[in-house]
Amino acid sequence: MMKLKKGKLLIDQHNKNYLYGGKFGGNYVPETLKKPIEDLANLFEKLRHDKKFLNDRNYYFKNYVGAPTPFFKLKNLTKHLGGAQIWCKQVSQANGGAHKIYNATVHALICKRAKKKYIIGDTGAGYAGKMLSMAAKKFGLKCKIFMGTKDIVRQAVNCRAMRKNGAEIVPVDSGSKTLVDAVSECMRYWVSNCDTTHMCVGSTVGPNIFIKICAWSTAQISRELMVQVKKEFGKVPKKLKLINCVGGGSSAMGFWNEFVDYDKNQVELIGVEAGGPKNSKRHAAPLTNGAKIGILHGAIQYVIQDAEGQIEETESISAGLDYPGVSPLHCLLKDSKRARYTSATDEEALQAFKLVSRLEKVRPSLEPAHAFAEAIKIAPRLSEDTIIAVDSCGDAKKDMKIIKERLGRNL
Amino acid sequence: MKPSNIASAFKKCRQEHRPALLTYTVSGDPDKKKFFEILKAISSHADICEIGVGHNCNTGDGKQIQNSTYRAIKNGIKIKDTFAMVKRFKRTKNAKPCILMGYYNSIIQYGENRFIKKCKQVGVDGLIVVDLPWPENKNFSKKCKKNSINFVQLISPTTSKYRMKRIINDSHDMIYYISMLSTTGGKLKVSPSEILKNYNRIKKINKSKNLVIGFGITDKTISSLKKADGLVVGSALCKEISESIKKKQNPVTKVGNMVKRLRAKLS
Ligand SMILES: Cc1ncc(COP(=O)(O)O)c(C=O)c1O
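Sequence lines, in order, name chains E and F.
Just so we're on the same page, the working numbering is the position in the first sequence counted from 1, plus 578.
Just so we're on the same page, the working numbering is the position in the second sequence counted from 1, plus 7.
Bound conformation, chain F alone (with noise of 0.2 Å):
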């Protein structure tokens, strides 16, 4: 079988010799058009696009990804454009693989079957639901692997020696590691050497899984956790998406730039 294209962004990254940039940042943020030039803007230096579906009772959510929620859905972000924007964004030049991580009512209201299939369709290579954690997962995830998508698990610092097995057990090519007890975009309150000693707990119980780490995750943070299989980004792109619009600068060069950054920081 061939692997999968967020399989293959890690191989790449791991022949590289450095951990695989993971991205997230809101769909419709701050709108629909600026969001393109800024998904297209971190494509030439993310490896792995994750792309929020945002929702208006995002309890797993700190501040800044609520303010991008909160904005998204005011200029009027609908799922059917964020389906659209990845169909295009993955026929450009610099595409890199999209995972849509967002809350499973979008995705009930949206119907499971349908929105799997429109997936499929328009090119999604991964899914995160926030709110639905193992066991409640195992149908929607199965669905998921038939269908050639990837389901993505998190693993928190909470998650018991059971839990842990069961879900990389039934995990697909990438597992998501929460660094700290904390919604997004908390500070990071752990030392990066703890948060390393959880990462080789879980990356122990199967090697052959990616793992990643997220939430806290800051350009002054990174380089601290260069070990990991990858690293994902969220809440400063947010942050930095909304300071660009209050000091009148452009969200576009903002973020691209950042993300620049970030990526030399692991190099």
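Next comes chain E alone, as it looks inside the complex (with noise of 0.2 Å):
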């Protein structure tokens, strides 16, 4: 079995090939994007040890994108489900409405530095691509947003939002019209224009330095975590657990990255994949159902594909889920048996969307829906002193006309 090493972070933990468990990950692309990921990984090893920059980035998460995000008692869902506590940090309260901002805003800062003009990034939600719009328009870059047509559709919302931060919209009709089909089309823009610009990738996925940049920044979300519990509790409770949803897995990293090294008996981490539509074989849980491990946009990872290693179509109610494949932190995290993961149907999303919306004051969109899902399903059977923390990371906003068409009006 694959062992983590204590005290050092996950995003650290690969070998000279950049293998996680010497297995998942590494940089396997094209040529001509050898030289300007080595630029950017020494450019970033540099600034992740340079105070100034360590003084800015905290500086534009505290006053841009608003830290902490409020973590508090979930105590009519808590009540109604009568078992574990609720709990709920609200990393939907950042500036924008989602945990994307804060690798966006890593991303901007970077550029800068590299004295880069312009910047181009992927999106599913349209919160990666919402979210590097704002931080481009902030400082001063010009940015394109690479997005399936079929997303476009669905996150409409998030769409004029990013045309109204001055961001070009590449509308990507190839393959399955969605994120994986963003991705490809982001990489290969960069391909052809890595001399002036650079790539953000939206989650903890492609080759390894974005895998990188994307789980350091939003490992904000746990350092606050960390200190929001020790103020709640006491200390870290003895039975804790860690729920997140995961599409690529930068949220559900930056959820965990302050609780890896605790033992998994006391902070479980459970990450909940999209289980797509209830009678439908297609979904996007490579994780919970087994998929084989394969290269997809440079890394080695569990990924969904068929027999011939074609990357096979995803389905799922939530765009920001809908991808085929998932970070090799996560499958690191899963070979070590260090979380575990499950998932949740669209229909189980729909209905803890409800359930949540009409108990509380809080609006998951989507994607944070599965998580509460698996929430919703477990606390019953959990005893009053387990507390469960959701990481309610996107808001619902971008998602009404779904939930609408889906969930009648009278929700």
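What the hints contain is simulated information worked out from the structure, not anything from laboratory work.
You can take every hint at face value.
Covered stretches of chain F, going by a simulated chain E footprint (3 or more residues, C-beta under 8 Å):
#1 56-69
#2 75-89
#3 106-112
#4 115-121
#5 132-140
#6 150-164
#7 183-197
Just so we're clear, the structure is a prediction, and the values are computed from it rather than from any experiment.
C-beta: ideal position from N, C-alpha, C; glycine also.
Got two chains here, separate frames each, mind docking them using the hints?
In structure tokens, the structure reads:
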């Protein structure tokens, strides 16, 4: 079994070939990208130890992103379910409405340091794109966002925000017309323009350096959570469960980072993937459903594919989770058994949204609704001294059209 | 040791004082049957045939090759079909050396050793794996060499001098220079003299390696790069297939004629 090292950030637990557990990740990219990736890796290695850069990051996290985001008990939901206490880390209160702002802000800061004027990125739910367009505007960068045409339709609210921020949305009409194709097209654009343009990958996927930058950025969430948990409970509780949805896995990595070294009997990490429609064979849950190991977007990972290695189409009501692969970091956490992965169906996510928004003031988007579905499933069986913390990493504003179509108007 | 078919092809062209013409088409495009006919038509004029093993997440490829890839996959191409076609092709009268070009995931899923063994069995002469760069490719490259298969590495305008030397040092008979920062099928955005300048810098490191130039080469630009050991035309052929389908023309004759025209420009 794979073993994790204590006292070392998960993002740094790779070997010299950038493989986690000797097996996941790497830089399987066309030759043209080797040099830009190496340059970026060198720059980031320097910046993450640079006081001025860290000060900048902290300054913008506090004053621009808005740190810390709230952490509070969902009293009504807890009472309703009658078991474990359910708490919410409301990351959706961050500027822009989701965790994608951390990665976007850091990339914009790096782009400035690299003296590049153009920044590009992919998006599925539209949050990664919206946040990158915000950060680009703030730091005076020209921004292009690659997005599948299916997602442009279903996440129109975020597209409007991107355009308002002056970003150009490049529609991607190939393959499944979702996130996977958007990432591919964004990488293609970078191959052709890597001399002038900085690329941001919207999650903890892609070549190693993008995984690192992204998880390093979202780690802010668990730094805040650690302080908040200690403040509320005096210490890290004896039975704590951190539940997070997993698409590429950037939100979950950020939520868990500070807690990885804890024993799993004390702090359980639970990742919830998109199970897709109840009666469909299609899903977006490679870890839960035992997908084979393969290469996607430059990294070895569990990925939904056919016998010939063609990437298969996925299906989920949540555009942000609708991705056939998953971060090599989560592959490592799965194989080392540090985290447990499961999935929720479209229907379960919708019902979870309905229940949470009826009882509480929180309006989770369809991605974190998957995490709430798992919390709702397990809470009744657990004792009251068990603390379940759910990362509500996105706001439902972008999903209201889908939710109304599926649940009717009288929510 | 007997020189490889690829080395012999370059030698022959050198004797004729011209660069080798390499073509790239996607296996199974537009369908299995027509692809085999296209391959035969190409073979009368080209010196080396690159055959794409299509992958649906081909991040190194532009629109033309993507279109060909999706069409081929949709029409049912499987890796075993490609191997069967190469085997049949290599037995035809005009057969030229074959290089399979694809993405690493196809090979991993087939099984690395099994893939190489099968290549050897059916007569594949070389392999290009777009997303298996140096140093990740070292092991695979050695396995290929052991099985007398040429592993062809790529060098791009972003490749550092350090990498260049290592890549050339680990290379077999042929190296592929990517003319510009682009996926396949981009418009040539660098002047031929600039490309040849870079070409010469690489060539100087080891004159004995056959260095070909690819990306952005069409019947309009091919003449200007004649100083190279070889020139690869891919997207232009894929585009010809797409257009002939759209215009209800025969892709076999269209592509055959285009390769003939390209070859004429190199004499
Ligand atoms: C609100 C929200 N949650 C989750 C995700 C999934 O991404 P990740 O798994 O990287 O957190 C997205 C992606 O777009 C998102 O917008």
